[in-house]
Each structure stands twice: as C-alpha cells, then as structure tokens.
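A.B. asks: Starting from the given sequences, assemble the full structure and let the hints guide the process.
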Amino acid sequence: MDYPERFANLPEYAFPRLRALLDSHAPGGEAVAFTIGEPRHPMPAFVGEVLAQSLAEFGKYPANDGTPELLAAISGWLKRRFHVEVAENRIMALNGTREGLFNAAVALSPETKRGKKPVVLIPNPFYQVYAVAAVEVGAEPVFVPATEETGFLPDYASLPAEVLDRATIAYLCSPANPQGAVAPRDYLAQLLHLAEKHDFRVFADECYSELWREAPPPGALEVAAAEGIDPERVAVFHSLSKRSNLPGLRSGFVASGVENIRHIRRLRAYSGAPLPLPIQRVSERVWADEAHVVENRALYAEKYADAAEIFAGVNSFRLPDGGFFLWLPVPDGEEAALKLWRETGVRVLPGAYLAREVNGENPGKGYIRVALVAPREETQRGLIRLRDCLYT
Numbered sequence: 001m002d003y004p005e006r007f008a009n010l011p012e013y014a015f016p017r018l019r020a021l022l023d024s025h026a027p028g029g030e031a032v033a034f035t036i037g038e039p040r041h042p043m044p045a046f047v048g049e050v051l052a053q054s055l056a057e058f059g060k061y062p063a064n065d066g067t068p069e070l071l072a073a074i075s076g077w078l079k080r081r082f083h084v085e086v087a088e089n090r091i092m093a094l095n096g097t098r099e100g101l102f103n104a105a106v107a108l109s110p111e112t113k114r115g116k117k118p119v120v121l122i123p124n125p126f127y128q129v130y131a132v133a134a135v136e137v138g139a140e141p142v143f144v145p146a147t148e149e150t151g152f153l154p155d156y157a158s159l160p161a162e163v164l165d166r167a168t169i170a171y172l173c174s175p176a177n178p179q180g181a182v183a184p185r186d187y188l189a190q191l192l193h194l195a196e197k198h199d200f201r202v203f204a205d206e207c208y209s210e211l212w213r214e215a216p217p218p219g220a221l222e223v224a225a226a227e228g229i230d231p232e233r234v235a236v237f238h239s240l241s242k243r244s245n246l247p248g249l250r251s252g253f254v255a256s257g258v259e260n261i262r263h264i265r266r267l268r269a270y271s272g273a274p275l276p277l278p279i280q281r282v283s284e285r286v287w288a289d290e291a292h293v294v295e296n297r298a299l300y301a302e303k304y305a306d307a308a309e310i311f312a313g314v315n316s317f318r319l320p321d322g323g324f325f326l327w328l329p330v331p332d333g334e335e336a337a338l339k340l341w342r343e344t345g346v347r348v349l350p351g352a353y354l355a356r357e358v359n360g361e362n363p364g365k366g367y368i369r370v371a372l373v374a375p376r377e378e379t380q381r382g383l384i385r386l387r388d389c390l391y392t
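The sequence shown begins at 1 in our numbering and counts up one residue at a time.
Take the hints with a grain of salt, since some may be wrong.
[To be verified] Calculated lysine to any residue pairs in the SDA-like style (CA-CA distance at most 20 Å, straight line):
id: 1; residue 1: 113; residue 2: 212
id: 2; residue 1: 303; residue 2: 212
id: 3; residue 1: 365; residue 2: 128
id: 4; residue 1: 117; residue 2: 131
id: 5; residue 1: 365; residue 2: 13
id: 6; residue 1: 365; residue 2: 313
id: 7; residue 1: 197; residue 2: 212
[To be verified] Each pair of labels, with its calculated beta carbon distance range:
id: 8; residue 1: 305; residue 2: 33; range: 31 to 37 Å
id: 9; residue 1: 266; residue 2: 140; range: 23 to 29 Å
id: 10; residue 1: 102; residue 2: 72; range: 25 to 31 Å
It should be emphasised that the hints constitute simulated quantities derived from the structure, not laboratory data.
Glycine is no exception: its CB is placed at the ideal position from the N, C-alpha and C atoms.
C.D. replies: What follows is the structure, encoded as structure tokens:
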C-alpha cells in the first residue's frame, strides 16, 4: 500500500521518541512526570452542572461554527482581555487549537506565491503541528531559531527578502512553547508590518496567554488594531485547555478577518467536526468567567516561586515569562533525560524532540522541557530531585 510521500520525512512525534528512549529502563525512584503539558489543576466548579443541564443536546447536530451564544461569549472575552471589538462573523469555534492551526493553513495558504513554491515560517523549537500543516499545503517549511540570543523568539525580520516574499504564513507562539518567552508589543508590531510588506499572514498561537508571571501578554489582534493592520493579516488561536484546565474539552477558537473566517468556516463545513452542543454550552460559561482563571494563575505563581527557590544556586536558571514550562539548559537533552529517569524516576522531554536540525544545529539539543502541571508538592519533590541529579 502506498502512502503520501510528502509525510515520509517527518520525524517521529516527540512522545513516541521519549518512550523509545526511556521505557526500556527502570525508573530510579518514584515516577514524576514533567513531560506532557496536560494541566492538572481543578477545572471550574460549575462545569459538571452546565454539562448535566445540556445532556439532551447530545441528541442534536451542533452548530458548525459555534452557537450564537458561544461566539458572543468569545467576542465579549476578547473585548475584556484585549480591548478589541471582534464581531461574531470573525470567530469560529474549534476542537482545540491544534485543529485550527492545521486547518487554517489548509484554508488560507495558496498553492504558489509569486509563481514559486510557498514558504511557511516556523519558530525553532516549535509546536509540531506547524510543520505538518506546512507539508500538507505543499509549502517549504523554514525553521527560524528562537534561542537565548534572540530572546527565545524567532527573528523573522532577519530572513532574506526572497524568502519573505515567498512566505504565506508565519507561525508565532506567545507565550512560547517550550521557552515561555512573551512577544512584546514592539515585536508583534514589527512582525505585522513585515507581513504587510511581504504579503503573508501571521498565525498567532496564544493558547498560553492567560498563564503569566508579571503582566498579561499582549495579543496580536490588539496590536494589529493599534497599528492599523488589516485584520485579514492575522489569525489568533485560543483554547480553554490551559486557561481553564479543560484539555479534554477540546474547545477553542480562531479569530481573524471576515474573509479569512469565511474560508475557514467553508472548509469546516465539508471536512471538520463541530463541537457537540453540550461542550459548546460549557464553553459559553467558561469564557464568561474570569474568577477561576485568576485562581489558576495563582497556583502557577506558587510553583514559579518554588522553582526559583529550588534553583537559586543554578546560574543558568531562568523563570519563564509565561506558560508552565521550564526550559532548562543541559549539555545534552537526551543524555540528561535518560540520566534523570534512571537515577531519580523524574521524566522530562529532551528539547531536541521539539525542534529541527538546520545546518547541523538543533536549537533544542542543549535543553530539557519541564512541565509544571502536577500538584505543588509533587512538583517540588520532582524539581529537587532534578536539581540534585543534574546541577549539583
């Protein structure tokens, strides 16, 4: 049986690679999982009640683009959080942001750009769906290092004009996965003006936007509005997974210009899976509530503070500006992950598994990613064992 050649060169996904690295070895202590970014804080208390009240709606076909109530709730949240007016015809509900980040590329990336093969710009390291989306639309993925030297954000402006002129999409995650860097307003403004100059779209993955240490991260939509950028130039993606500890709800949204959303909705009408109505009812309520988000952020603040105390003597340690990952420098990420598992039972993800090698360099090779999602005491125990194994 033949398979699509365009996917033949994709490396194996990070977590099967991690299992191949670690699972043939016994853990050196009680297992502590810092690998998957699956929030484990309590979900909002009202979720079960809303779901129970909506059970009968499993017997109905759901609204494809989102119920009017859900789209209104999202629009209201965007206005409160980012101070932008986004009409409901500029929003579509998603089965989590991964669906949107992939399907928006399919819906919006042209087959050619100026008569040449298109380019999709991707930060390196990155969320792996960006690369699969680029391959699916027949584009050339261009991986741009997001390293300590660039503030852990991709320096797209440094690319040659001939590359930028072929670009159709530039992906950006802020706060970044895995490094936790927040793109400041001037960075976002520069990127949006670069997109205007070279005629590409910015896909802003903002699913960690509500997890921050010192100040709320700016959003691409609000910067675009302030800079007078055409809203068709940017699409933003948000989720309830991290904001509200509901990764299993698979509920998020994309917001952009009217024409972009029209094309994304049309693709969904043929090939997508809308959210079941009870899930949409829960989502309506969750987007409208902010109290649980404040409580959630306070729990992460405690773990940030614990990490800062535990690693106080490690000169290379830095806290993230947002998100819930530590991006810890080590001589070699795979060696560190294997040593840590075999000697302590602490399980982390080698940074190289989240990046691509370009010109012989993998910008994730000298790092491990540590997800601070477990309860506080478990996180403390794991971080102390990690420090004592790798940094003392």
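A.B. asks: Mind checking the alpha carbons of residue 117 and residue 131 for me, to see if they're no more than 20 Å apart?
C.D. replies: Distance ~16 Å between residue 117 and residue 131 Cα, so the pair holds.
A.B. asks: Given the hinted pair residue 365 and residue 13, is their alpha-carbon gap at most 20 Å?
C.D. replies: The given pair, whose Cα atoms are some 16 Å apart, holds under the 20 Å limit.
A.B. asks: Take a look at whether the Cβ-Cβ distance between residue 305 and residue 33 falls inside 31 to 37 Å.
C.D. replies: 22 Å, violated
A.B. asks: Holds or violated: are the alpha carbons of residue 365 and residue 313 at most 20 Å from each other?
C.D. replies: Violated. Residue 365 to residue 313 sits at ~23 Å, over the 20 Å cutoff.
A.B. asks: Assess, step by step, whether the Cα of residue 113 is no farther than 20 Å from the Cα of residue 212, and give holds or violated.
C.D. replies: 37 Å, violated
A.B. asks: Going straight from one Cα to the other, do residue 365 and residue 128 come out at no more than 20 Å?
C.D. replies: Since the Cα atoms of residue 365 and residue 128 sit roughly 16 Å apart, the hinted pair holds (cutoff 20 Å).
A.B. asks: Is it true that residue 102 and residue 72 lie within 25 to 31 Å of each other by Cβ?
C.D. replies: 26 Å, holds
A.B. asks: Is 23 to 29 Å a correct range for the gap between the Cβ atoms of residue 266 and residue 140?
C.D. replies: Holds - the Cβ-Cβ distance for residue 266 and residue 140, about 26 Å, lies within 23 to 29 Å.
A.B. asks: Are the Cα positions of residue 303 and residue 212 separated by 20 Å at most?
C.D. replies: Satisfied, since the Cα-Cα distance of roughly 12 Å is no more than 20 Å.
A.B. asks: When you check the alpha-carbon spacing of residue 197 and residue 212, does it fall within 20 Å?
C.D. replies: 31 Å, violated
This entry does not satisfy hints 1, 6, 7 and 8, going by the numbered hints stated previously.
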